[in-house]
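**Student:** In case you want the letters, here they are:
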Amino acid sequence: MSARLQKYVMSPSTTRITESIVVLLPLRLVLGGLFIFAAYTKISDPQEFVFNINAYGVFDRETQEHVIKLLGFAIPWAEMIVGVALVLGVWARGAAALLALQLFAFTIGILNVIASGKELSCGCFGGFNVICTGDVGWCHAGRNGVLLVLSALLAWRGAGVASIDGLLTRPRPIVDEDADEA
Amino acid sequence: MTRRSYGPAPEGVTTWVTRALALAALAGIIGVGHSMVVPVAVSLEDVLDPPAVALPAVDPNGLEGPGGDPIADGADGETGPDGPVGPESKVNEGTGPVPQPSSPQAQVRSFELDLDASFEKWNEGAVFFDARRDAEFEQSRVAGAFYMPSSRVFDSVDTLDPLIGEQVVIYCVGGDCDASKNTMIKLITVGFDRGDVFVMTASFDDWVAAGYPVEEGAP
Chain A
1 MSARLQKYVM SPSTTRITES IVVLLPLRLV LGGLFIFAAY TKISDPQEFV
51 FNINAYGVFD RETQEHVIKL LGFAIPWAEM IVGVALVLGV WARGAAALLA
101 LQLFAFTIGI LNVIASGKEL SCGCFGGFNV ICTGDVGWCH AGRNGVLLVL
151 SALLAWRGAG VASIDGLLTR PRPIVDEDAD EA
Chain B
1001 MTRRSYGPAP EGVTTWVTRA LALAALAGII GVGHSMVVPV AVSLEDVLDP
1051 PAVALPAVDP NGLEGPGGDP IADGADGETG PDGPVGPESK VNEGTGPVPQ
1101 PSSPQAQVRS FELDLDASFE KWNEGAVFFD ARRDAEFEQS RVAGAFYMPS
1151 SRVFDSVDTL DPLIGEQVVI YCVGGDCDAS KNTMIKLITV GFDRGDVFVM
1201 TASFDDWVAA GYPVEEGAP
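Going down the list, the sequences are from chains A and B. Sequential numbering of the first sequence, starting at 1, is according to the numbering used here. Sequential numbering of the second sequence, starting at 1001, is according to the numbering used here.
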């Protein structure tokens, strides 16, 4: 490999383009699509999702009913907004951070159910099973853990150049201070 | 010497945290708006109120108690002088002063039917609704049962309308399964009388084990 070609291949911009197309773009599309689907199943049946939140037992029905109802509508829309933002690559780091926060909360709820020994359906994707079947269990916790890691990766790396964020972000020169000192 | 490389503008932590909060706020606003226009009255009301009572507290004269127990409505029907179910069933018929349950096993709620009481309802011609997953329903089900998870109720109003007034028994996988209760609440929301809707506390597997009639294969 010629020095010139090697310099081109190893340049930060090329690496970032490769990462964007090979890693970040598929990740955004998969995660975004998955949560758009999850949101759709919940938005189409808010009563069911409110039941599900109540069944998890995280909130006291007597004193926190208003919280349960509010979350029954807000969580699905948060999933929808995050999903669309990830697919398009708009505010992707913020969206991925919000998604990671949601997944963390969901995982806490699932672990709470496992610890309490309750038998209840996940309700994560309405009446559909994604990867895990049956009642809430370790499979659901593991699945959420993987999704949490992936969303954290997106929050860290951003949407990449193959996104609206990438298109709108004007390239700026990065000064190599070490080179200056040398 | 200055080396210049090009990449996206750096995005500070403050920026994307602020954006995450903004997205969450947007979701909350849309959610509130959605809750104001949704045609379904979301409710956590427990249709079991008044709550569990002890079985020995059955008072035949208390059917029209101040609590308006759902079973009181059902007692006037076609089910005979013993009330809506036979004496061996575990249906609570008391609505007077709520006694303290003597043991957890004694706690039943007015809409709950045990296995034998459910079978008695089946013999009386009650409509059975299966609230389990569709694959489980297609594999086998109570003979004559309809597939009716809670997510399907609001989409089946036209189908359900002729059944209003019939006695309905809902079952799922038993135990702490909430599917039957969720379906029950929605059925009441769309017009079924509280006294007509029951939940079988036993599981479908219990039904099969008891040798009660089942259907197998696609309906």
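Derived by calculation from the structure, the hints in this document are not laboratory data. Certain hints may be false.
If you want the footprint, here are the derived chain A segments under chain B, 3+ residues with CB under 8 Å [stated by the list, open to error]: (1) 40-50; (2) 80-91; (3) 95-106.
Quick list of the computed label-pair ranges, beta carbon to beta carbon [what the hints assert, rightly or not]: (4) A/E119 x B/D1116: 47 to 55 Å; (5) A/E119 x B/E1124: 25 to 33 Å; (6) A/S116 x B/I1164: 31 to 39 Å.
Even glycine gets a Cβ: it sits at the ideal position worked out from N, Cα and C.
**Student:** Confirm or reject each hint.
**Tutor:** Evaluated hints:
no.: 1; hint: 40-50; result: holds (count 6)
no.: 2; hint: 80-91; result: holds (count 5)
no.: 3; hint: 95-106; result: holds (count 4)
no.: 4; hint: A/E119 x B/D1116: 47 to 55 Å; result: violated, 23 Å
no.: 5; hint: A/E119 x B/E1124: 25 to 33 Å; result: holds, 30 Å
no.: 6; hint: A/S116 x B/I1164: 31 to 39 Å; result: holds, 37 Å
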